[in-house]
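**Student:** Start from the sequences, fold in the hints, and give me the full structure.
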Amino acid sequence: MTQERKDRVRKAAETMAGFVAILIVWQYGAGFLRLPAYILPLPSAIAVRFWQTLPVQLHHLGVTALTTVIGLALSLVVGVLLALSVIYVKPLQAMVLPILAAFNSIPKIAIAPLFVIWFGLGMEPKVLLAFLLGLFPVFVNSVTGLGEIEPDVLDLARLAGGNEWRIFLKVRLMHAVPYIIDAVKVAFPLALVGSIVGEFIGGNSGVGYLILSGQFNMDTSLVFACLASITLFTTTAIAGVAALERNFLRWRPSRRNK
Amino acid sequence: MTATTAAVRVDGLTKIFGTGAAIQDLSFEVGANRFVTVVGPSGCGKSTTLRMISGLMRPTEGKVYLRGKEVGGVIGDVGMVFQAPVLLPWRNTLANVLFTAEMRGKSPVEYRQRALELIALASLEGFEQRYPHELSGGMQQRVAICRALLLNPSLLLMDEPFGALDIMTREKMGFELQKIWNASKTTVLFVTHSITEAVLLSDTIIVMTARPGRAKAVIPVELPRPRDTKTLRDPRFVEIAGIVRDNIEAQWVE
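Chains as they are written, first to last, in the working numbering: chain A, 1 to 258; chain B, 1001 to 1254.
To be clear, the hints were calculated from the coordinates, so they are not data collected in a lab.
One thing to keep in mind: the hints can contain errors.
Stated by the list, open to error - Cross-link-like lysine to aspartate or glutamate pairs, in silico, EDC-like; alpha carbons within 20 Å at most:
(1) B/K1106 <-> A/E124
(2) A/K170 <-> B/D1203
(3) B/K1106 <-> B/D1077
(4) A/K170 <-> A/E124
(5) A/K170 <-> B/E1102
(6) B/K1106 <-> A/D155
(7) B/K1230 <-> B/E1171
(8) B/K1063 <-> B/E1102
(9) B/K1179 <-> B/E1125
(10) B/K1185 <-> B/D1025
(11) A/K185 <-> A/E164
(12) A/K90 <-> A/E148
**Tutor:** Given below as structure tokens:
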């Protein structure tokens, strides 16, 4: 146990050392090359700007986080429901799959301006973009997780008297949990892209908006400070998902003997 | 119901896949509380037969009766053990054993005591909270047997349950199964390729022919129980094993 803890501390220290090395090279390298601050601000300047603008950052990050999380939640609900409909209503498979595949080949970001025309400058177009970007990975993984159950397991369940509802609850859903969690790890950054792009093209709030205003004012360190806060946000979220996995999915192959 | 009603009666069972018959006019009976083994070459339709008896598959022709009642679909009074343990990886031993109760719509609390007894009987005490990946292949298969027996089915179907295990584990599993069966005395229909296993475990052995499968011979095994490693050297054991072997090898020249 203590050995395990030691290993983890050492691993964390190694990771941190990598980041610190990059920052040192950046700080002194950029200073040495005399790069102007509007091209590449020094890490120290970014840190100062980050600190100065912290309340503003938090406000806009909150807006972005909200649309991202709502979009992601929607893509989870709709993605899982779509997967279920395809699994339980076989004829739908031939209908839904080509439509989704065709839809997935459209770059959603390219139709973002359309959403501004339809839904205005509020939260709706951002949520919609986040939702659409997150939908596909959730759908694909849910189809696998809910659908690809070993036939022997289904036979056993039926022999014991299991009806479709119990099989869904205790076999399909449980089997799908790790697949859906993996989907969230992919869909979360995608949904974030959706929100930020939405903020780029319209509205006056969100980290995307703050980045744009940094650009207009040639406030490059503000842009970098925004990137830092986004990174903190995603890292925290992904770490949350990973912690969930560690504690509730001990049986997963990737978590075994750890 | 009379004492003469067979636990399982298979009558003129035929299953046709595509154009070929997998099973042709198969008939046999399994007495209540007996341990009956089906041996036969690969592809003679042993698994297909079990699936039709369980109600998971419908025969092309012929009928299956369980305790005198015709099988028209899954009736829920049959336990099944496959070659692979097919445990649910997210459930520990105890929860895996309780799976059948939950599928039946029963409260797992109600069956907990029974599950723990079965686990102890299968020499899995202390492994109740372990996940399948923490168990050996033989242990996993014993969990599968406990799961199949949890609801006290009147018939236990075992489809080459030890086929995936190494030879040493396999022999041990035979004795373990005998112990578990002695305690429950449910009717067992067991499919295997191993003649030794068949003779060691069974009251009756049914030898099937190659595709299309028919019952070629029914061989009673009148060896005293409980049987142990000494039984393996008993001249009568050797003799019966010889008869089974003769019946299987007779097909090679046909």
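**Student:** Give a verdict on every hint.
**Tutor:** Consistency of the hints with the structure:
1. B/K1106 <-> A/E124: Given pair B/K1106, A/E124 is violated - Cα atoms ~46 Å apart, limit 20 Å.
2. A/K170 <-> B/D1203: Not OK: A/K170 and B/D1203 at ~38 Å, beyond 20 Å, violated.
3. B/K1106 <-> B/D1077: 14 Å, holds
4. A/K170 <-> A/E124: 36 Å, violated
5. A/K170 <-> B/E1102: 8 Å, holds
6. B/K1106 <-> A/D155: The hint holds at about 18 Å.
7. B/K1230 <-> B/E1171: 13 Å, holds
8. B/K1063 <-> B/E1102: 30 Å, violated
9. B/K1179 <-> B/E1125: 15 Å, holds
10. B/K1185 <-> B/D1025: 29 Å, violated
11. A/K185 <-> A/E164: 29 Å, violated
12. A/K90 <-> A/E148: Judged against 20 Å, a Cα distance of about 14 Å means the pair holds.
Hint compliance for this structure: hints 1, 2, 4, 8, 10, 11 are not met, and every other hint is.
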